[in-house]
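Protein chains: 2
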Amino acid sequence: MGETLFGRLALLGMGLIGSSIARAARQQGLVGEIVAHAKSERTRARVVELGIADRVEADAGEAVLGADCVILCAPVGAYAELAAAIAPSLRAGAILSDVGSTKQSVIRDVGPLVPEGVHFVPAHPLAGTEHSGPDAGFAALFEGRWCLLTPPPGTDEASVARMEEFWRRLGSMVSIMEPGHHDRTLAIVSHLPHLLAFTICGTADDLEGETRQEVLQFAATGFRDFTRIAASDPVMWRDVFLNNREALLEMLARFTEDAQAMARAVRWGDAAYIEDKINRGRKIRRSLIELKQA
Amino acid sequence: MGETLFGRLALLGMGLIGSSIARAARQQGLVGEIVAHAKSERTRARVVELGIADRVEADAGEAVLGADCVILCAPVGAYAELAAAIAPSLRAGAILSDVGSTKQSVIRDVGPLVPEGVHFVPAHPLAGTEHSGPDAGFAALFEGRWCLLTPPPGTDEASVARMEEFWRRLGSMVSIMEPGHHDRTLAIVSHLPHLLAFTICGTADDLEGETRQEVLQFAATGFRDFTRIAASDPVMWRDVFLNNREALLEMLARFTEDAQAMARAVRWGDAAYIEDKINRGRKIRRSLIELKQA
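Taken in order, these protein sequences are the chains called A and B.
For the first sequence, counting from 1, position 225 maps to 229 in this note's numbering; every step adds exactly one.
For the second sequence, counting from 1, position 253 maps to 257 in this note's numbering; every step adds exactly one.
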């Protein structure tokens, strides 16, 4: 356990990520006090029961009063409203950060609302499970995972360094990335896979009676793994898709061309083409294993 | 341990599935003797080292001599040649079975080559991992998994019953299914998910320099899971795609329509449509968990 990094940390949103930060920050002795806010009364009541925050506030503005660090942990579609609600209550010198999966939209929505003297350091921990809500969180969620910081040009360097230390002490590896580049990278490694997983579940659900029943009964590896990905939080993912629209549509367009080329190879029996594509998948898997990301 | 079901079992192909059958059948005391055949000398040598068969034969015809049950465990594209090679050596009354992921093609390729008096019972255990080769197999692979039998009309009922018992004693649940129906069901639960996983790996591999590097470095949940699926055996999957062409292309066409509808919703900001599709994914996941298939 090291020195306290922030006297008071305010977490706005107490789902999987917010509640994991609360647990990990306390376990690591990173903060003096944790104030939690959640929009839903049920979540607030559950956070009180779990005892993972020192104080729980129904009002977001109340929650951030006197906080040295405020982290938005709600779905990105709620950020603009949340930022407007807390702006008058943020203290000068405070750091405002977030955990959203899209970064250009967050800078667009939150940036203009950040008061003079408050340091805005957008962040994205690449960590999660298919579960959601305050019960789903756990202190080890960020261990060995990347956290990407995407500070806009001109961001206070000392604040970036503090958020970097914050995430390192939660167990993460930290990298600084340009927001647009972040959004393109995440579109292919996370947003598109989720879109495909959600879609195939819908395709299966639309099948005629008997086959549909058997899809559930005989879900083999493949579909089963896709349904796990597709079990993720609907509001969070709806907001991610809508807030990384251009990069996501671009990656989906490339993917669709590639899938059509594969379909053509299957139709015309081009065995060499199919085998080559499959081998590229294996090669990428091996690279991931070497990079310890698998 | 129950009674011996077959005096001699011949396994043609000793990859993940063949070597798992060998291990499980011996562990369960299901067979008197196991004779293994593999096309590659390296695999045969490894099977000898592992000691998972009583005898290893380089010649498929030699391997099946006197066998009461012969199971084809090679990629389905090799079945026609293999069936032709063993046909003269099969003894009357023997059961010929397989483990291929496509069943209409197997009946088309192998059926006409089955000698009078030999009982052909096509089978497909829905079990596997992303690993391949004789070292990847393990005795518990089939436990709690489905094995689908797709006997063509007129198949000897006693032979079907024996294969049913064989798979049950390997730990599987068994169901009888019409071959065409099998192929349509597997196209959506297994073949299409693999095609999508292979394809997205190729799409990522084609990205421009910097983004491509970062895809590997920051592979988040989603892409990482897809690469695991995509690590599966290339020759096996090439053969599956080519041998379930019509059902696979039909399911891919439906999926592509659905993905395009999702793209349109993302482009035009149709939040309700996106959320509804995501919720269907969650519903399917819940059904799978209730059916204990997750």
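FYI, nobody ran anything at the bench for these hints, they're computed from the structure.
Note that the coordinates shown come from a computational prediction; the quantities given were computed from them, not determined experimentally.
Backbone N, C-alpha and C fix where the C-beta goes; we use that ideal spot for every residue, glycine too.
Hints are not guaranteed to be accurate.
Some but not every residue of chain A turned toward chain B, in silico, with C-beta under 10 Å [claimed, not checked]:
no., residue
1, Gln-32
2, Glu-169
3, Thr-231
4, Trp-241
5, Glu-294
Hints versus structure:
| no. | hint | verdict |
| --- | --- | --- |
| 1 | Gln-32 | violated, 23 Å |
| 2 | Glu-169 | violated, 20 Å |
| 3 | Thr-231 | holds, 4 Å |
| 4 | Trp-241 | holds, 6 Å |
| 5 | Glu-294 | holds, 9 Å |
Checked against the numbered hints given earlier, the structure breaks hints 1 and 2 and satisfies all the rest.
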